[in-house]
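Using the hints provided, position chain A relative to the given structure of chain P.
For the record, the sequence lines run as chains P and A. First residue of the first sequence? That's 1 in our numbering, and the numbers climb one at a time after it. First residue of the second sequence? That's 1 in our numbering, and the numbers climb one at a time after it.
The reader is advised that the hints may include incorrect statements.
[To be verified] Computed cross-link-like contacts, DSS-like style, restricted to lysine-lysine with a CA-CA straight-line distance of at most 30 Å:
1) LYS168(A) <-> LYS270(A)
2) LYS78(P) <-> LYS62(A)
3) LYS62(A) <-> LYS315(A)
4) LYS108(A) <-> LYS78(P)
5) LYS78(P) <-> LYS91(A)
The set of hints was computed from the structure by calculation and includes no laboratory data. Quantities reported herein were computed from a predicted structural model and do not represent experimental measurements.
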Amino acid sequence: MAVTSAEQFPAQEQFRPRLSIRKVYGTVFTAIGLVAILVGLGMLAWLLLDTLVTGLPWLDWQFLTGFDSRFPARAGAKAAIYGTAYMMFFTIVVALPLGVMSAIYLEEYARDGKVKSFIQINIANLAAVPSIIYGLLGLQVFVRWMELGRSVLAGSLTMALLILPIIVVATQEALRAVPPSIRDASYGVGATRWETVRHHVLPYALPGILTGNILAASRAIGESAPLITIGALTYVPFTPENPLDRFTVLPIQIFNWVSRPQEDFQGVAAAGIIVLLVVLLLMNSVAIFLRQKLQRRF
Amino acid sequence: MLRMNRGGRWALVFGALVSLIALVAVACGGDDDDEGTAPDGATATPTPEEVREPDNTAELAKLKGEIIIDGSSTVYPVTAAAAEEFRKYAKDVRISVGISGTGGGFKKFCNGETDIQDASRPISPSEVEACKAKGIEYIELPVAYDGLSVVVSPKNTWAECLTVSELKKIWEPDAQGKITNWNQVRDSFPDKPLVLFGAGSDSGTFDYFTEAIVGKAKASRGDYQASEDDNVLVQGVSGDENALGYFGYAYYVENPGKLKLVAVDNDNGKCVKPSEETIKSGEYQPLSRPIFIYVRKEAAERPEVQAFVKFYLSKSFTPIIPTPEVGYIPLTDELYAAITKRFEAKTLGTLFPNGAEVGATLDRYMK
Numbered sequence: 001m002a003v004t005s006a007e008q009f010p011a012q013e014q015f016r017p018r019l020s021i022r023k024v025y026g027t028v029f030t031a032i033g034l035v036a037i038l039v040g041l042g043m044l045a046w047l048l049l050d051t052l053v054t055g056l057p058w059l060d061w062q063f064l065t066g067f068d069s070r071f072p073a074r075a076g077a078k079a080a081i082y083g084t085a086y087m088m089f090f091t092i093v094v095a096l097p098l099g100v101m102s103a104i105y106l107e108e109y110a111r112d113g114k115v116k117s118f119i120q121i122n123i124a125n126l127a128a129v130p131s132i133i134y135g136l137l138g139l140q141v142f143v144r145w146m147e148l149g150r151s152v153l154a155g156s157l158t159m160a161l162l163i164l165p166i167i168v169v170a171t172q173e174a175l176r177a178v179p180p181s182i183r184d185a186s187y188g189v190g191a192t193r194w195e196t197v198r199h200h201v202l203p204y205a206l207p208g209i210l211t212g213n214i215l216a217a218s219r220a221i222g223e224s225a226p227l228i229t230i231g232a233l234t235y236v237p238f239t240p241e242n243p244l245d246r247f248t249v250l251p252i253q254i255f256n257w258v259s260r261p262q263e264d265f266q267g268v269a270a271a272g273i274i275v276l277l278v279v280l281l282l283m284n285s286v287a288i289f290l291r292q293k294l295q296r297r298f
Numbered sequence: 001m002l003r004m005n006r007g008g009r010w011a012l013v014f015g016a017l018v019s020l021i022a023l024v025a026v027a028c029g030g031d032d033d034d035e036g037t038a039p040d041g042a043t044a045t046p047t048p049e050e051v052r053e054p055d056n057t058a059e060l061a062k063l064k065g066e067i068i069i070d071g072s073s074t075v076y077p078v079t080a081a082a083a084e085e086f087r088k089y090a091k092d093v094r095i096s097v098g099i100s101g102t103g104g105g106f107k108k109f110c111n112g113e114t115d116i117q118d119a120s121r122p123i124s125p126s127e128v129e130a131c132k133a134k135g136i137e138y139i140e141l142p143v144a145y146d147g148l149s150v151v152v153s154p155k156n157t158w159a160e161c162l163t164v165s166e167l168k169k170i171w172e173p174d175a176q177g178k179i180t181n182w183n184q185v186r187d188s189f190p191d192k193p194l195v196l197f198g199a200g201s202d203s204g205t206f207d208y209f210t211e212a213i214v215g216k217a218k219a220s221r222g223d224y225q226a227s228e229d230d231n232v233l234v235q236g237v238s239g240d241e242n243a244l245g246y247f248g249y250a251y252y253v254e255n256p257g258k259l260k261l262v263a264v265d266n267d268n269g270k271c272v273k274p275s276e277e278t279i280k281s282g283e284y285q286p287l288s289r290p291i292f293i294y295v296r297k298e299a300a301e302r303p304e305v306q307a308f309v310k311f312y313l314s315k316s317f318t319p320i321i322p323t324p325e326v327g328y329i330p331l332t333d334e335l336y337a338a339i340t341k342r343f344e345a346k347t348l349g350t351l352f353p354n355g356a357e358v359g360a361t362l363d364r365y366m367k
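Isolated chain A (complex conformation):
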């Protein structure tokens, strides 16, 4: 008993000590911040000038209710940002955004569990069936574009344009350990080692790149520098003349001097570099795609959901989409207008009857 007591007392002293240190640390943390170690909110949050106040702020302030959103991790940053901005005006609307993946999200959506579904691809035919079986109807709304850029170091003088077949040759699983030199990619390239950087296998970027280039989601060679943190990839590629990497277009925009964009030839002889224009026009293929939200029909009857979706597609939010914290490419103003009309008219169903298409354009929403 005595021994146990002694051990216990020591543990007590130790526990108390650690808690004390932790509490002191918390207090110090506050001091540190006052000294400006962390950037303060005002300077870290520049708002683009084009952002317009919603013209119905009084109405928004009166709204109450709940909106349950779930789905793709790719769309999450956009929807979470929209929810964060919307909350400034409509404090009493409780919006939650989950991450279950597009597929996992559609399972909940077609079960009537969520109001809005985030999707990085159009609904698939089997999901259409699943929704139909439960009597769930929905409005399909594209909200932005997601673009990937293929980059090399500015010191690289030879790689200007790569075809999709060449990219496939580099990245397919069979390339592992075999395609290790630039001259294996194209005969005219120099005899230099090929150093690869790419997205980590947990990211939506990885799924999308593999699907668009290799033809099968998650099929990739494994012997490359992988990171979920795109900043690491930017550093790696910019410093190495032999490097080739891919990541979200937003990161290139953030670091234009450090990287050189590689044009992508969709095996049709046309080299296209990603830019807001080529992504919006659908020329930059297959590495750009639209992302969507799906609104359940019953939910769309509710005033708070209507207000949120209209806010999402309006000038009060869309200029925020290309800011670095979100990092996507907005649709054209005409498209947003057409899509807002589509929502107001409660046009049900999908315009992608065959599910995901590589190289999909959004012209169909203009009609």
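With the rest of the complex left out, here is chain P:
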């Protein structure tokens, strides 16, 4: 049997493995990817470290329970922490039901057609509108026309508008991820559309919906531009007592401290940033926790 491999497999003559070169490509790509992620993480680490080093000496009980002051050692974030908490509460109370119900309607009820695709395109567009525009809208509609003044409620409603499109889009994604077979099975045993949504689609999509909502809320918590537009205040030595009270929030308070001339206020501002970061991370952890907890049921 003197048949060479070339006669047996003619194509193999053209096949040049160049294995070493191909492996080099792979290594180079891995290296580039690694560098890219290290740049990102390095910046984050630097930022966190810088903030922690500057801010930690100023972060004490007095800082969390005192009001703002012209003396760095007495300045506290109480009004801003309360303001942020109140605002987020009302924002979620308004935005969550509206956003989730809009998404359910669009995804489960609305007939495909020109109207739906028009609405769909506009929701996607709204999600990309700069936040300051929502501030202007809030100023005109809530502060002026509805005469809510520069209150927690006006701020919350503006923020709710801001995150509504994000919630709708995220909820739709979650609903879309529910396998059609589940709906078919439900209809197959005679369930109505409402029963299908209520008992099968919603529970299955809930982890995704909650995650989307909490991430949207995390965006609202760091926003300052719309609130500056509607007139959230700077020096507020009291906590809001009702939804129509005046307020300030952490991002605005931090911005104000950074712009003060005394150098010590940079430390106070950094302490404010740490508080904001902790609140944000806690919210995100809750999102992840809820997702984990609920996902195991399916």
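This is chain A only, laid out in the frame that chain P set:
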């Protein structure tokens, strides 16, 4: 599903870890403070001796209500300090102070949305019209002076006095890239590079300096070391023999050994250095100006507003105005007395019918 779960679990662990670190950090922060890393309240807050307790403390403690203040970022430190001090005596009066700028603040004020307006210039004729259209009447009260100082390094031997025209030549937008040597400013100055330090474009100091020197707010060359943090400017100017800078007068007072004041000649042959006296007397021009609050007439009927405004103009607060945390120059005692009378008499309207004037003095309030 399995992969998603794994990713999720990692994220959970990561999130928990980060939160834990943050919480531990918060706890440590408290410890650090106990060790005295941050100055404690008592030593950081010296109260000037002239500060008098208000003689109506019992009344003040009973006051309740809300005061909404908004307006200039320049006046903000003074009003916020007044609110902070007032709160020591009147705990139940809820005063909030916003920053919308003088113009933005007047829009809200003339719409009846605020009780007191902070203004770094007198109300303008168009704002007078806007207030009139809405039926808003107001009491105009100057509260302090804002002064800017032009400084060089103590090593600089030639710059003693600069005229406004020379300053304009240095700072106007056309100077960018052209006026780069001291001998271009004045022939007798040495052949040395001109190193400039100034306020960042977001500050009221920048607006005011450009308006007073160049003649148009925000018109400035861009090729200079700009900082919102005046301490950075102090450092920069003090270390460089060729440097010239400008910032709030309070910062010079804080760092007299590190800087040399330049007298300013308002193109009339008289060199004037800024000092409490020359600023109060109106001699130091055009780089000093009065700052104001405007009280809405209806608001001025309310006892908590009356108490706050009187406190603002009284010896219980005015000695705090020149302290470093506030950094402005108080009016004379006679002026404060006259202005308190003006408030008590509820004298409406403005004494600046043409709006902002460069070189405005406050004699008119004495009559």
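How the hints compare with the structure:
The hinted pair formed by LYS168(A) and LYS270(A) meets the criterion: a straight-line CA distance of about 17 Å does not exceed 30 Å. In summary, the hint linking LYS78(P) to LYS62(A) is supported, as the alpha carbons are separated by about 24 Å, within the 30 Å threshold. Simply put, LYS62(A) and LYS315(A) have alpha-carbon atoms about 21 Å apart, close enough for the 30 Å limit, and the pair holds. Note on LYS108(A) and LYS78(P): the hinted pairing holds, with a Cα-Cα distance of about 27 Å set against a maximum of 30 Å.
A C-alpha spacing of about 16 Å is found between LYS78(P) and LYS91(A), which places the hinted pair at or below 30 Å, so the restraint holds.
Consistency with the previously given hints is maintained throughout, with no hint failing.
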